[in-house]
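Protein chains: 2
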Amino acid sequence: MEPGEPGRPLSKAERTRTRIRDTAVRSFRENGFDATTMRRVADEAGVSLGNAYYYFPTKNHLVQELYVEVQEAHRSAVEPRLRASTDLVERLGIVYREGLAQLAPFHEFAPGFLNAMISPTSPLNPLSPESGPAREITVGLFREAVTGARNRLPAEFEARMPDVLWLGHLQLSLYWSYDQSEGQQRTQRLLDQGLRLLKVALPAIRMPFLRAPVRSVLDLVAEVGL
Amino acid sequence: MEPGEPGRPLSKAERTRTRIRDTAVRSFRENGFDATTMRRVADEAGVSLGNAYYYFPTKNHLVQELYVEVQEAHRSAVEPRLRASTDLVERLGIVYREGLAQLAPFHEFAPGFLNAMISPTSPLNPLSPESGPAREITVGLFREAVTGARNRLPAEFEARMPDVLWLGHLQLSLYWSYDQSEGQQRTQRLLDQGLRLLKVALPAIRMPFLRAPVRSVLDLVAEVGL
Numbered sequence: 001m002e003p004g005e006p007g008r009p010l011s012k013a014e015r016t017r018t019r020i021r022d023t024a025v026r027s028f029r030e031n032g033f034d035a036t037t038m039r040r041v042a043d044e045a046g047v048s049l050g051n052a053y054y055y056f057p058t059k060n061h062l063v064q065e066l067y068v069e070v071q072e073a074h075r076s077a078v079e080p081r082l083r084a085s086t087d088l089v090e091r092l093g094i095v096y097r098e099g100l101a102q103l104a105p106f107h108e109f110a111p112g113f114l115n116a117m118i119s120p121t122s123p124l125n126p127l128s129p130e131s132g133p134a135r136e137i138t139v140g141l142f143r144e145a146v147t148g149a150r151n152r153l154p155a156e157f158e159a160r161m162p163d164v165l166w167l168g169h170l171q172l173s174l175y176w177s178y179d180q181s182e183g184q185q186r187t188q189r190l191l192d193q194g195l196r197l198l199k200v201a202l203p204a205i206r207m208p209f210l211r212a213p214v215r216s217v218l219d220l221v222a223e224v225g226l
Numbered sequence: 227m228e229p230g231e232p233g234r235p236l237s238k239a240e241r242t243r244t245r246i247r248d249t250a251v252r253s254f255r256e257n258g259f260d261a262t263t264m265r266r267v268a269d270e271a272g273v274s275l276g277n278a279y280y281y282f283p284t285k286n287h288l289v290q291e292l293y294v295e296v297q298e299a300h301r302s303a304v305e306p307r308l309r310a311s312t313d314l315v316e317r318l319g320i321v322y323r324e325g326l327a328q329l330a331p332f333h334e335f336a337p338g339f340l341n342a343m344i345s346p347t348s349p350l351n352p353l354s355p356e357s358g359p360a361r362e363i364t365v366g367l368f369r370e371a372v373t374g375a376r377n378r379l380p381a382e383f384e385a386r387m388p389d390v391l392w393l394g395h396l397q398l399s400l401y402w403s404y405d406q407s408e409g410q411q412r413t414q415r416l417l418d419q420g421l422r423l424l425k426v427a428l429p430a431i432r433m434p435f436l437r438a439p440v441r442s443v444l445d446l447v448a449e450v451g452l
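So the protein sequences, as listed, match chains A and B.
Each step along the first sequence adds one to the number in our numbering, with nothing skipped, and position 121 is 121.
Convert by adding 226 to the 1-based position in the second sequence; the result is the number in our numbering.
Incorrect hints may appear among the rest.
Said to hold, decoys possible - Only pairs whose alpha carbons sit at most 25 Å apart, straight line, appear in this in silico DMTMM-like list of lysine to aspartate or glutamate: (1) 59(A) / 108(A); (2) 199(A) / 156(A); (3) 199(A) / 298(B); (4) 425(B) / 223(A); (5) 425(B) / 108(A); (6) 285(B) / 158(A); (7) 425(B) / 158(A); (8) 59(A) / 260(B); (9) 425(B) / 34(A); (10) 199(A) / 449(B); (11) 199(A) / 260(B); (12) 285(B) / 305(B); (13) 199(A) / 384(B).
Stated by the list, open to error - Simulated coverage check for chain A against chain B, where a stretch passes if three residues somewhere in it have a Cβ under 8 Å from a Cβ of chain B: (14) 115-121; (15) 174-186; (16) 191-197; (17) 204-217.
What the hints assert, rightly or not - Pulled from the structure, derived: some chain B residues nowhere near chain A, Cβ distances all over 10 Å: (18) 247; (19) 268; (20) 281; (21) 337; (22) 361; (23) 362; (24) 370; (25) 378; (26) 382; (27) 391; (28) 412; (29) 415; (30) 422.
Please keep in mind that the hints were generated in silico from the structure rather than gathered at the bench.
The model shown is predicted, which means the values in this text are computed figures rather than measured ones.
Don't be surprised by glycine CBs; every beta carbon is placed ideally from N, CA and C.
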């Protein structure tokens, strides 16, 4: 039997790793980025600091666990809803709306997370190689939204769309982190109006005089950070 | 005579303040955000640390001096060129291109500055009240670009445009800070292609079915951070 295979009991090491991970993820949710230190996680998980570092060499490794958990919850919320709609813009709305819903508990901690994420050289940057596993989940949801629609885009756009739409999600998250309106309603309105605009504007990208410049801009946007 | 009036000699206090400011701005350019400490600025300006704090209560006050200097250089570069063009998109191109040119010397220090700027609560955030004087210069350049064009936009868009275009400049600067291509050519290409797209797409915002959603999105974008 392989580690983690259903039915096989977890080893002591796996149980310890899981306990540290779960403690850290809960602490990020309850106390934010800055207040969640390796020392605090070790104490609350009932392990020595050295033991915590053995399983997670840096705090950044624990943040990646959070990233993956948030994106897995995003996927679980999105997939049943995608099965109920075949319209491209509606499907994009599902992915964006559920993405914002996952972020909601973190709003008060947004400044601390932003500080840790924004540097182009940070392993916590959503564009970093380290953030690849979490990123792949979300990019995959946008791919599913695009390729599963009955009104599909021309192939030359479709290939770039998942990356560009995911960058749109990061952009919306940045706007949300600055949004001090009640329940971040302003971000919801921006999303609603943006989708409404997309619905009326999208057919235009098939026009010959728009096709080339739109594709160039999408290509360059998708290359951010390369 | 008022302080700073031409012809009036600077007082000792004004000379000291200017020396500290000039030393700090040069150090931000040469050593970046992190390596420019109050201690280092005081030493290099030949004043005591206490004296430096007397004129500039925090390092953030010195960064604001840098912001204003960069934006004044931006204005000096833009204004003569705006007099030579009456086309709206060409005029926007002048403001964006010169804005990127002013940032060029700072590319290697972008991570340190980004970290200091990104938090919604940071006084160094470009949206903060403290950054108002520098922001007003740049928003003013976009206003001049828009209102001085022969092909003006409908009034309902024009009022929002300076703020939205300035946010576009911040967005482009964020892309640039992640751009590792030689001389940040990729950012230049994104700007070129974005302007090309704007040129062909802009007439469409007069179409009745696009007018309302475009205006809603512009309004909401302009309200970021309020």
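Evaluated hints:
| no. | hint | in the structure |
| --- | --- | --- |
| 1 | 59(A) / 108(A) | holds (20 Å) |
| 2 | 199(A) / 156(A) | holds (19 Å) |
| 3 | 199(A) / 298(B) | violated (41 Å) |
| 4 | 425(B) / 223(A) | holds (23 Å) |
| 5 | 425(B) / 108(A) | violated (40 Å) |
| 6 | 285(B) / 158(A) | violated (47 Å) |
| 7 | 425(B) / 158(A) | holds (24 Å) |
| 8 | 59(A) / 260(B) | holds (22 Å) |
| 9 | 425(B) / 34(A) | violated (45 Å) |
| 10 | 199(A) / 449(B) | holds (23 Å) |
| 11 | 199(A) / 260(B) | violated (45 Å) |
| 12 | 285(B) / 305(B) | violated (31 Å) |
| 13 | 199(A) / 384(B) | holds (24 Å) |
| 14 | 115-121 | holds (count 5) |
| 15 | 174-186 | holds (count 6) |
| 16 | 191-197 | holds (count 4) |
| 17 | 204-217 | holds (count 7) |
| 18 | 247 | holds (27 Å) |
| 19 | 268 | holds (27 Å) |
| 20 | 281 | holds (28 Å) |
| 21 | 337 | violated (4 Å) |
| 22 | 361 | holds (15 Å) |
| 23 | 362 | holds (19 Å) |
| 24 | 370 | holds (26 Å) |
| 25 | 378 | holds (22 Å) |
| 26 | 382 | holds (15 Å) |
| 27 | 391 | holds (16 Å) |
| 28 | 412 | violated (6 Å) |
| 29 | 415 | violated (6 Å) |
| 30 | 422 | violated (5 Å) |
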